Amino acid sequence: MTKNLKARTIVIIATILVCVYGIVDIPKSKADLVQNFKNNIRLGLDLKGGSHLILQVQVQDAVKADADQTMDRLKEDLRKQNINWVSMDRTEPQDIKDADKVEITIKGVPATQTSAFRSLINERYTTYVLTVVNSTDYSMRLKPSDLNDLKVDTVKRAIDTIGNRIDQLGLAEKVVQQYGQAGADYEILVQLPGVDDPARVKDLIGTAAVLEITDVKDGPFPTREAGLAQHGGVLPLNTKMVRMLPRAGSEGESWYLVGKSPVISGRDMRNARPGQDEYRKWETSFNLSQDGGKRFARYTEANIGNRLAVVLDDKVVSVATIQSKIEDSGRITGLGSEDESVDLSRYLRSGSLPAGVKYMEERSIGPSLGADSIHEGMMAGLAGLVAVITVMLVYYKRSGVNAVLALVLNTVVLLAAISYFHAVLTLPGIAGVILTIGMAVDSNVLIFERIREELRSGKGVVAAVDNGFNKAWWTIVDTHVTTVVSCAFLFLFGEGPVKGFAVTLTIGLIANVFTAVFVSQTIFAYELSGRRQMQALSI
Amino acid sequence: MELFKNTNYDFLGKKWPFIIASLVLTVAGLGSIAIKGGLKYGIDFKGGADMTVKFAYEPPLDKIRSAMQSSKQIKGDVSVENFTGATAQNEVEIGTELTEETQLNVNRQAMQDVLTATFGQPGSGKLDFNNTSQEALAVRLRDALARGGVPMSDQQLQKLTADLLDYTNTRYSGLITDFNQLASAPGMNSGIMNTLKQECYLAPFHIVQVQMVGPKVGAELRNKAVLATLYALAGMLAYIAFRFEWIYGLGAVIACFHDTIITIGLFSIFNEEISMTVIAALLTLVGYSMNDTIVIFDRIRENLKTSRREPLEAVMNRAVNQTLSRTVMTSGLTFLTVIALFIWGGPVLHAFSFALVCGILVGTYSSVFVASPIVLFWHNYTDKGSKGPRAPVLATAPRADAVRKSPTKAAK
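Listed in order, the protein sequences are those of chains L and P.
Just so we're aligned: the first sequence equals residues 1 to 539 in the numbering used here.
Just so we're aligned: the second sequence equals residues 1001 to 1412 in the numbering used here.
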């Protein structure tokens, strides 16, 4: 019995040391103690303050862009193979639900060239499914698996891009990750502790998506009507009229006639930076992808002297003249001020998001609320603890001390587990700790009441204590398992703060099985070990 | 000290008054929900934009409400309420509707603009110190400090602004009414103080928290909450059916369901908001109520082994009396901790602790007066045709002090 007791004591003391180390490391001073504590116990957003955003990636933009590129390639291919066609167009998705319905229609392929057309599609457009509408018309849609891949890839790229941009804030802790199911929700979670001004973050992330660099056919015109009048009142084929916003300080807007299909789209844009050229004038430099670079090189080589417009969400941001052949890195020079250069680089970068983002949820918590909450949570915890300890001591006398020790150890183990698992402590999490105190005491109450019953029925002290623990064991297991089951579902379905609550309560209960049974039993064993025949137990 | 030594109350004999009380409470709760047209959902479930603002004086609710409603950019209903909770002072909660996600961006800025226009000094050209971020403050002070003869390196400036805002947040909950309150902030001196007074003003309010939930997310969260509750109940039914008999499982689940409905009814009667954290509290209650019920069932099972001739009602009564001491102690102690949360836990946890307070009271009572009678009714009903009182033998799970090869099946 003594050997067993020694082994148990060593286990308990080792546990205490490991836990204390986990919470406060090895502090060299009181200030150190507090600092280590703060470092080890990570606080959730609701306690530290910060921003929480959920964005939905508008994957239909990516599907649309893919369709645009495919149409370009197809036109080129049809020309090379001398296959005639009358018109080609695609549907316009309005919403994320329409992403699956994007369709390219080709009309007017002569019946004689049907087989040539079909074999072309089969060979070179393997990701698309060709449907015959009638003898001369066809429609194409992405295959379901390819469509899904595109959507999932779009979300991944969006996460990367957004993560990169937020890096500019220089935050130590940030969370940018997929939210919900990959193939179904297309949502991204962004959590930024300490940033209580989400406006700036949203600026950085950007919401606009449709970036196009298109060729300028004509302009500027003071109004849309004036521009149309120049062309006989009707838009020429494959063009559109877009507005340019007035720059700060200048009056009125301008309209430009630009090509409908862009030369470069947001997908090709890799990065953009503001800077100054050799004459200290402001410019914006940009990088394109390899593929985009090749296309851009072909285009710029053939169009020196013509103008290009940077169009963001159907509004012209900047118009520039092509000076020379540009491959994958170029500059837009002649900008008026630093602001213009910074803004333009932001627009270009914003366009390099593969698709637009819509904000679904936004929470920002000022740090003052967090500080208040911590203070209140701790007050409540302390009050609850004091009440419980008092009642236990009064009701169970010296055995109450046993219970109190187990309870304190339970809380220590709980905090240490939070520290070691890098779990995040939220306000409901603090409530979970407080609730653990109440429920942990239950285990001791179960055991003690059983011991009292055994004593009343006339058993000796040692037998009573043993029976008490044995008979109460399965009840303790049952009660803890059921609460852990409900916590498991809370963890699965809940988010953020609620998850924190489920985690702290579960850890607290598991720790409780150890403290209320193993530790309490050891303490009782100590009490009983010295004396041969204990007549009465203070309980 | 021992409160309940060898008690012998006839709990199960006197079950009817309590069952009636249960029904009355349930009906009252459901009636309140029906009259008020549904539950009061928090922003988590209903979607919308919620702003918590702390004022330096008693907030004028009507003025805020009419200012918000007359803004053209804010569409839909506007609700302005005092923020409940013991330690909240002069705090209001402003809620606006969000019918679609695109409004999310617009609403937040609009609400802030309305507050600034109504209570602040938007035209003064100064920065509102009570509602600014560390970056904005640094940008604002950079040149002014240099002009005022207090040049600083960029790093020093960042640290100063962070310290000032931190000081305001921890000492004054983010809202100061006079710049002199910052006199003892770290890094403060007269040059900085003067620059501050020149460049900034103090609006009489401080935006503490903003929450915007798009309607899609709101609907999703509602679904998740319901699913979580149903799955949890199913999980427990399975576990108890495995450890005892299925009717015990059913009795326990009905008791938990009864607790949940009454608690939600009380929420409706007292006009409290239901948010995701409240669902967390409800699920905890379900777990807790199960605890109580299991302890009693465990005792019943133990007693049934030794008393084969006694009628089930007498055995159950004995079990309840034997566990009475433990039940009262545990409920009492958990209740103490929860009341501490309710009184001192602050406004954010208010609804959460309210749910726990109600739930613990109802949960304890339901284990005795709902769960056990259900089992009793069932057994009496199925025993009607048989000869005399039989001993219901339960499927037993392994126990620490006995070794069994296979569980004995329940015989009816």
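Among the clues, some could well be false.
Mimicking PhoX-like on lysine-lysine, the simulated pairs with C-alpha atoms at most 20 Å apart in a straight line are [claimed, not checked]:
| no. | chain 1 | residue 1 | chain 2 | residue 2 |
| --- | --- | --- | --- | --- |
| 1 | L | 202 | L | 107 |
| 2 | L | 156 | L | 107 |
| 3 | L | 97 | P | 1216 |
| 4 | P | 1159 | L | 48 |
| 5 | L | 48 | L | 97 |
| 6 | P | 1126 | P | 1216 |
Sample of chain P residues with no beta-carbon within 10 Å of chain L, all distances over it, derived [said to hold, decoys possible]:
| no. | residue |
| --- | --- |
| 7 | 1024 |
| 8 | 1286 |
| 9 | 1291 |
| 10 | 1298 |
Listed next, the stretches of chain L that the computed footprint assigns to chain P, with coverage defined by at least 3 CB atoms under 8 Å from CB atoms of chain P [said to hold, decoys possible]:
| no. | segment |
| --- | --- |
| 11 | 61 to 69 |
| 12 | 321 to 328 |
| 13 | 429 to 439 |
No lab work stands behind these hints, which were simulated from the structure alone.
These numbers come from a predicted model, not from an experiment.
Note that the Cβ used here is the ideal one computed from N, Cα and C, for glycine as well.
Do the hints match the structure? See the list:
1. L:202 - L:107: It is violated: about 43 Å lies between the C-alpha atoms, which goes past 20 Å.
2. L:156 - L:107: 35 Å, violated
3. L:97 - P:1216: 13 Å, holds
4. P:1159 - L:48: 18 Å, holds
5. L:48 - L:97: At roughly 37 Å apart (the allowed maximum being 20 Å), residue 97 of chain L and residue 48 of chain L break the hint.
6. P:1126 - P:1216: 39 Å, violated
7. 1024: 28 Å, holds
8. 1286: 5 Å, violated
9. 1291: 4 Å, violated
10. 1298: 5 Å, violated
11. 61 to 69: violated (count 0)
12. 321 to 328: Violated: only 0 residues of the segment 321 to 328 of chain L have a Cβ under 8 Å from chain P.
13. 429 to 439: holds (count 6)
In this structure, the hints that do not hold are numbers 1, 2, 5, 6, 8, 9, 10, 11 and 12, in rising order.
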